[in-house]
Every structure is written in structure tokens, then in C-alpha cells.
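Given the coordinates of chain A, work out where chain B with the ligands should sit on it, guided by the hints.
Line by line, the protein sequences give chains A and B. Note that the first sequence covers residues 1 to 325 in the working numbering. Note that the second sequence covers residues 1 to 446 in the working numbering.
The reader is advised that the hints may include incorrect statements.
Stated by the list, open to error - Listed below are the simulated DSS-like cross-link pairs for lysine-lysine, each with C-alpha atoms no more than 27 angstroms apart in a straight line:
id	chain 1	residue 1	chain 2	residue 2
1	A	Lys230	B	Lys375
2	B	Lys53	A	Lys89
3	B	Lys29	A	Lys87
4	A	Lys230	A	Lys200
5	B	Lys93	B	Lys281
6	B	Lys281	A	Lys229
7	B	Lys375	A	Lys221
Hints were generated in silico from the structure; no laboratory data involved.
Now for the letters of each chain:
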Amino acid sequence: MFKWFKKESPESPDTEGNRPQQTKGLWSKFQKGLSRTRERLKEGLGELFVVERIVDEAFFEELEEALITADINIDTVRSLLNPLRLKVKDGQLLKSSECKRYLREEMLKMLSIPSPAFPPLARPAAIFLVGVNGVGKTTTIAKLAYRLKSEGYKPLLVAADTFRAAAIEQLETWSRRLEVPIVKQTPGADPSSVVFEGLKAAQKRGVDIALVDTAGRLHTKYNLMEELKKMARVAGKVLEGAPHENLLVIDATTGQNALRQVELFGQALPLTGLIITKMDGTAKGGITLTLAHLFKVPIRFVGLGEKIEDLDPFEAEAFVDAILP
Amino acid sequence: MYCILFENLSERLEDTFKRIRGRGKLTPKDVERGLREVRLALLEADVNFRVVKDFINRVKERALGAEVMESLTPAQQLIKIVHEELIKTLGEKAVALDLSGPKPIPILLVGLQGSGKTTSAAKLALFLRKKGRRPFLVPADTYRPAAIDQLQTLARQINIPCYNPAQGETPVEIVKKALAEAKAQGYDVAIIDTAGRLHIDDQMMAEVEEIKKAVAPREVLLVADAMTGQDAVNIAKSFHEKVGLTGVILTKVEGDARGGAALSIRAVTGCPIKFLGTGEKLNALEVFHPDRLASRILGMGDVLSLIEKAQEAFDLKKAQELHDKLKKEAFTLEDLRDQIRQMKRLGSLEQILKMIPGLGNKLKDIPFDEREIVKMEAIINSMTPQERRYPKIINASRKRRIAKGSGTSVQDVNRLLKSYEEMRRLFKRVRKKGGLQALARSLFGR
Ligand SMILES: Nc1nc2c(ncn2[C@@H]2O[C@H](COP(=O)(O)OP(=O)(O)OP(=O)(O)O)[C@@H](O)[C@H]2O)c(=O)[nH]1
Ligand SMILES: [Mg+2]
Chain A
1 MFKWFKKESP ESPDTEGNRP QQTKGLWSKF QKGLSRTRER LKEGLGELFV
51 VERIVDEAFF EELEEALITA DINIDTVRSL LNPLRLKVKD GQLLKSSECK
101 RYLREEMLKM LSIPSPAFPP LARPAAIFLV GVNGVGKTTT IAKLAYRLKS
151 EGYKPLLVAA DTFRAAAIEQ LETWSRRLEV PIVKQTPGAD PSSVVFEGLK
201 AAQKRGVDIA LVDTAGRLHT KYNLMEELKK MARVAGKVLE GAPHENLLVI
251 DATTGQNALR QVELFGQALP LTGLIITKMD GTAKGGITLT LAHLFKVPIR
301 FVGLGEKIED LDPFEAEAFV DAILP
Chain B
1 MYCILFENLS ERLEDTFKRI RGRGKLTPKD VERGLREVRL ALLEADVNFR
51 VVKDFINRVK ERALGAEVME SLTPAQQLIK IVHEELIKTL GEKAVALDLS
101 GPKPIPILLV GLQGSGKTTS AAKLALFLRK KGRRPFLVPA DTYRPAAIDQ
151 LQTLARQINI PCYNPAQGET PVEIVKKALA EAKAQGYDVA IIDTAGRLHI
201 DDQMMAEVEE IKKAVAPREV LLVADAMTGQ DAVNIAKSFH EKVGLTGVIL
251 TKVEGDARGG AALSIRAVTG CPIKFLGTGE KLNALEVFHP DRLASRILGM
301 GDVLSLIEKA QEAFDLKKAQ ELHDKLKKEA FTLEDLRDQI RQMKRLGSLE
351 QILKMIPGLG NKLKDIPFDE REIVKMEAII NSMTPQERRY PKIINASRKR
401 RIAKGSGTSV QDVNRLLKSY EEMRRLFKRV RKKGGLQALA RSLFGR
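Chain A extracted, bound-state conformation:
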């Protein structure tokens, strides 16, 4: 399958011109997005590490700007940069390449969270996709179904967003296009009842993975979060241990509010992973670095476009290289 990122080889330094041009597919798309970001940040931000230099406070300030504008949380940025700053204050001479290597390692450490195998082993397994409105839950469900199907699994779509206008039709369209079965009820139906019916059907029809599409909801809405808990409880009654995965979908353009999203969705359901969508834009999704670090939730997939194949497993190295200027 496509590789999200072609791993950096020692002889291809992280500069625009030297990027492996022959890489096709998602990565080239992603890269295109990045080069545009760089065009936009005209003040030379993206070039911080190109010319080797001895770092000073001005360098740190530029670096700080780059990291903050990637939406990494300020505390995270500070705790990343502080040890370096201290060294420099102590009179140590630090080269920019050393600085980068250090940052890269620290970030990778933050992201190294053991993540369970995908798809989960239970049969049938139930996977819930949850998140605030418009982040890309339904599209990601379709992408996952496509992925699972092409890997030989038997997926089933469960249309448990009975609230948003035409949400069921949206999932149905994907079901038709992908030739993946769907369980749905009527608009306004109790989502828990859809979950019940869906998982029962999954059991009966020998489905491997039931993908449950939930309505977008703001994490601050108490009643809607209770509804989500109820759906999970119902799932657990049909299938032992269900939902086997609760994946929180986060839009890469989201800023600091993502912290609250993980906190509150995490209070409603035990989150087993994050999916970052819309990484094909200019936003770098840096907040997810903080999320993974603070909440110890692994990032599982990244969405890189609107096409059905535009979903790839998360690769920490690619992510970090995209964030570092």
C-alpha cells in the first residue's frame, strides 16, 4: 500500500529540493501541502535547519514560533526547548543539527505509545468513531471499511448518526460505492437501538468488523455524552468487550480545544486511539503531539484527502519531520 512518508535517508537531508521526487501517492500529496505552507510563511520559517549554525536565543525564538504555529501546546513547546535553552545559557555551543536531532528524539518519545493491533482480534469486533461535528467521522468510517475490505475482512457499517440531516444517506452512499453492507434505521431513531441492531446483525451475518458511525457532538454537551455512554453499554451487552475500539477523530486544523475534546470524550469512553483527519491541508495537527503525550493515547491513522484511499496508518517519524521546520 501507499506509504504515508518515505523515511528520511541519511543522504537526503530535509530540504525542499532534495525531497525524493519520485515518491507517489499520498506522500507526494502531503508534501505538496507542505511546500505550500512554506511558500506562505515567507519570513523564512521553514528554513531554520537548512544552514548549520550555532544556536542562540534568536534561533530559539524562531523555533518556538514554528512549533507554536504548528498548534503544539505552549507548555509542550517550552518543555521541549527548555533543556536546550539552559545548555546554551550555560555557555555550551549547540549546533542547529544537534538541536534538531534532540527535538526529533524527544517528540518521538512523546509519540511512542504502544498501540493495539488493528483491527482488534474479537469477532465480530465493534469499532466506534466519535468526535465533534464535522471532523470527518463518516468519511473515515468509509475509508476504514475500504481498507479492511481490501485486506480481506468483512466489514459492516452501522449508521448510528440518526440526528444530522442526511447523515444516514451519506453513509448509505458509501455503503453502495464500497459494496459493504449497512445497518440503518430511520432519522431520529434511538442511536443505541441502531447499535444493538447493527451488532446483532454483525453476529448473525459473520461480519468481522462493525464500524459504528456516531453523530458529531460537542464534548461539552452532557446529554449527548451520556447518549454515547449508553451506546457503548448497549454494544457491550450484545458483544462481549464491545466497543473494542473507541477512536476519537480530530481535525488537524483544531487548536488547543483538542485537549478538552480528548479529556471529555475520554471521560465518556475509554479511548483506544486518535485519528487525525485533513492532514492534506496546511495545518500540521501539532496539538496531537501534546494529546498523545499527555493522555497517552496512540495516534492510529491519518486522513490525507477526501478519496477513499486517503487514509494511512500513523507514522510518528513522518509526522515529526513535518512538524519540525
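Chain B with the ligands alone, transformed into the frame defined by chain A:
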């Protein structure tokens, strides 16, 4: 007032300035230190880094003047300046839609995927109809599965006409035909919903340019999510360059995002924010008020909006009835249930509580927590009308029955009855002080 509204930042600034108090006058260095806190607060609110930098420079000039330096309450002075400058940046007052020109007047909604265009289109239509206009909806998102269906469904819900595209019609064809149809049928505003698109997607941006050329919209509104982070500047700038924005709708504002993106967008485009989307219901669209957003960006809650919402949700007729009851001291559990229902309409009560200065203490024993409220209503629902009107008759066995019927415990029932008593007492006190106005004052601090 400022110290109440701006608790977070103000606490931080008080802390910063405390150390130097007693030494008398502030030095420019002290002000710098205070500004660093302001900077952090803005970054945490997702205001773009560069925008923050410019903003701080502007505040600094003023802060180094006598206002702050010689003030006995430098923290509050500084916050006052920050708040004022924020409002200045956001635009001093609400800017209305431009609905001049030949009818139907086209309004074009553009934005990233998932920002809330479709819902906003329907909300805007409803808003305009309430203003006496005759809106017409145009679904021009031919890409996302069931997007057209979505707008048509919403249109049906609010009974507003919506164009029905033929199979295979392109967005440009759709808008042209839809406008002709709207014109023929005498509608005066055409609200066009477009597909979500990335600002760096050249092909899709070219398409929206074409749509714009085809209809010459009076308003081009960028629909942006209040949770957007630093990238808001790139998004807004690109859309503005390509299609020339005239305004912004900020969506999903009812959550707890601080909404700093609004400041970024305003700063890079100069376009006014015109509306706020405040919920999934189609009437959840509010005209933008800069002062409120300014408070919110500073993390101080949106007190004014809440007061207004409370007033709106507070049904006037019911209020009058309550007023009469209070006069007669006949506040029953049924009235309490009415109150609860009204409160539920307000959204997250916990948050409201937090935003009402000085209230937390006074109502400590009254469970305003939202989950409690749900429980309370269930308990009252399980009572007989007799019990609701004369709570005194509720004895131990009745309590057990009520608890069972509402899926709660006897303790819960007891707690509710206790709260009810407290409320009755509070109302009684209020009654003595002069009716509902006083109650409102004691609740909302004004
Ligand atoms: N560019 C881009 N667009 C995406 C991606 N994932 C989803 N989208 C788009 O985002 C928009 C919203 O996606 P949905 O899947 O409907 O989002 P949702 O979370 O199900 O939305 P609600 O159910 O309304 O809360 C659609 O236009 C999708 O095509 C992605 O990775 N990249
Ligand atoms: Mg959906």
C-alpha cells in the same frame, strides 16, 4: 467589573504584579512581564502567533503610558487595555449583512470541509425569514455524499424553498439555474451552500471563483470553526485572496473553544465577523458582538451572551406566572419543574454557573449541575400532581415510591425536597426585596 469578568488572566496578572507592589510605581520591565502573561493567554486561545505579536506591540504602547504605570491596580488596568484593544481588533460593533442590489441577492458561503456551511446556510435562511425576507436555498456541494440531501432536508424542516439540482449538474450550472428560479418565483435572497474545500486545492478554489463570477454575490461569507488553531490565518488569507470575503460566520461557538481564530481571521482579512453559530438547532445563530468574544478569548466566559440567553429562555408568560406565585408564596414543585425545563434550554448549566460572578456560593446547596437537573426533573415527574402541589404530604413511603419510579434513591428525593425548600426561601427573600428584577440581579449580578 473587570476583575470579575477576567478571572483567569486577571489572577495571573495580579500574581505577576504582586511581587512588585509595595515598591510603588511599576517599571517598564514589570509591564513587559505582565504582557508576557497576556501573550500566553492569547496563544492558549489559539490566536495566531504573528497576530499576537502585533497585538502585544499595540497594547505595549498604551500600557507603557501613565494608565498602567501609575495605577494602583495595574493588573486590572492592563486587562482593561487588552480588552479594549481586542474589541478594536474584532471590530467595534456588529456589521449587518449587505442586502442591497437587485433581487434575489446572492449570499455565498465558503470554507473548509466540516466547518458548518450547510447548517449555517439553513440557519441564515431562517434568520432572514424572521427579518421579513423571502430566502431561497441553493445546494451547490455536488461532492460530499448526500450533501445536497442534507440541505434539502434542513430546508424542509424550516419550510424554506430549496433548489433541486438535476443529475450531473455542475456547481456553476446549479447556482445559475437556481438564481433564475429564485428570481422567477420572486424570492429576495439566495443563500448558496458550497462544497468544503481546502484553501490550497487550486482546482477547487478555481471552481469557487467561477461560482462567484457566475452569481456576483453581495456577501461572501467564510464559515470557520471556532476550534480552529493557528492555521486560521492561512485559511482566511487564501480564501480572501481568491474570492474576496465580505464577512465571517464563526461556528460551534457553544462549546468551550476560546475562539482566538476569530481574531486571527479578522486581523488578516479585515473582514467583520457577522454571525456566531451557537448550536445544532437551526435557530442557533446569533449576531456577532465583539465585546463578548473579546471576553471569551481572554478566557473569562461569555457573560453577556449568557445573560441574554437566560432571558430568552426565560419564557415571559411563565415568568409573570411565577411572579404572581411568588407574591402569594405559592411556589410549588410544579413551578420548580417549569424552572428546571427552562434551565435545560440554556445548555450546560455548570458552565453558566461558573460564569455568574459570585453566584456559586449563594446557591451552593441548590443542585444546578446539569446531571442533577435531569435527575430532578425525573423525580418531580414521578410525583402525583397532588404531591407536586403540596410537597408536605410526601412521607417516607411516598418517597420510596417516587425514588423507584424515577430510578433514583430516597436520598435523591430528599435532596430535591431540600433544594426546593432552599429555593422557596431564596424566592421569599427576593420577593421582599422587590420581585423578579431583584432575582435577576441576584442571579446575574446586574
Ligand atoms: N481534505 C480532507 N477532507 C476530509 C478528510 N476527512 C474528511 N474530510 C471532509 O470533511 C467533511 C466532513 O466529513 P464527514 O465525514 O461528513 O464528517 P463527520 O465528522 O462525519 O461530520 P458530522 O457527522 O456532521 O459530525 C467532508 O467534506 C469530508 O469529505 C481529510 O482527511 N481531508
Ligand atoms: Mg458524520
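Verification of the supplied hints:
1. Note on Lys230/A and Lys375/B: the hinted pairing holds, with a Cα-Cα distance of about 16 angstroms set against a maximum of 27 angstroms.
2. Taken as a hint, the Lys53/B and Lys89/A pair is honoured in the structure, with Cα atoms around 24 angstroms apart against an allowance of 27 angstroms.
3. Restraint check: the Cα-Cα separation between Lys29/B and Lys87/A comes to about 25 angstroms, which is no more than 27 angstroms; the hinted pair holds.
4. Restraint check: the Cα-Cα separation between Lys230/A and Lys200/A comes to about 16 angstroms, which is no more than 27 angstroms; the hinted pair holds.
5. Straight-line distance between C-alpha atoms of Lys93/B and Lys281/B comes to about 26 angstroms, which keeps the hinted pair within the 27 angstroms bound.
6. At most 27 angstroms may separate the alpha-carbon atoms for a hinted pair to count; Lys281/B and Lys229/A meet this at roughly 22 angstroms.
7. Pair hint Lys375/B plus Lys221/A holds up; C-alpha atoms about 16 angstroms apart against a cutoff of 27 angstroms.
Of the numbered hints given earlier, the model fails none.
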